[in-house]
Amino acid sequence: MTARYLTSDFQRSLITTIDSLDRSAVDFFVSAPLVIDCSNDRAVFESQLTATQRAFIVDSYKARGRFVSWLARPAYNYTCEKLRERFRLLDQDAVEKVRIFLLEWRKETGRMPYQPGKSASLESGIDIILPIEGIRLSYDLSAVREL
Numbered sequence: 004m005t006a007r008y009l010t011s012d013f014q015r016s017l018i019t020t021i022d023s024l025d026r027s028a029v030d031f032f033v034s035a036p037l038v039i040d041c042s043n044d045r046a047v048f049e050s051q052l053t054a055t056q057r058a059f060i061v062d063s064y065k066a067r068g069r070f071v072s073w074l075a076r077p078a079y080n081y082t083c084e085k086l087r088e089r090f091r092l093l094d095q096d097a098v099e100k101v102r103i104f105l106l107e108w109r110k111e112t113g114r115m116p117y118q119p120g121k122s123a124s125l126e127s128g129i130d131i132i133l134p135i136e137g138i139r140l141s142y143d144l145s146a147v148r149e150l
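Count along the sequence shown from 1, add 3, and you get the number used in our numbering.
Possibly wrong hints are sitting among the right ones.
No farther apart than 27 Å at their CA atoms in a straight line, the calculated lysine-lysine pairs in the DSSO-like style are these [what the hints assert, rightly or not]:
(1) 121 with 110
(2) 110 with 100
(3) 100 with 65
(4) 85 with 110
(5) 100 with 121
(6) 65 with 85
(7) 100 with 85
(8) 85 with 121
Don't read these hints as lab results, they were simulated from the structure.
Construct the complete structure from the given sequences, taking the supplied hints into account.
Given below as structure tokens:
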């Protein structure tokens with residue numbers, strides 16, 4: 004257990020979010036419960052991609068894009084680095100708590116008959132909001148397993 008004063012603000016916020024989620028809510032399993040919001044990271048994101056690459060992401064998203072794995076590099080690298088960045092802010096106990104929470108969400112542990120299940124088996128339980136047009140993509144299980 005890490006000393007409380009060494010715990011990051013992000014970790015405290017994430018654990019609070021996990022503990023306060025209403026697991027009996029009708030839409031609990033419908034969309035990812037954890038979200039990485041990169042809306043305010045536009046300058047960094049745009050510096051890593053050309054205008055053509057950004058346009059391609061927008062077009063792909065509108066056509067069918069729903070998962071991080073559908074992104075080409077360097078956008079794929081950007082999204083994976085954001086996930087790694089967040090996990091580096093967690094101590095070992097918090098990482099374990101997040102992993103258990105996400106595993107239970109993926110397995111739909113405790114899902115009630117009135118709760119619809121998640122729509123795709125590739126979802127990890129974590130989404131990212133890109134800093135272009137509010138595009139929200141789901142991390143695939145493979146991206147989360149790397150951590």
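Starting from the hint list further up, note which numbers the structure goes against and sort them upward. The structure conflicts with hint 3 only, although it agrees with all the remaining ones.
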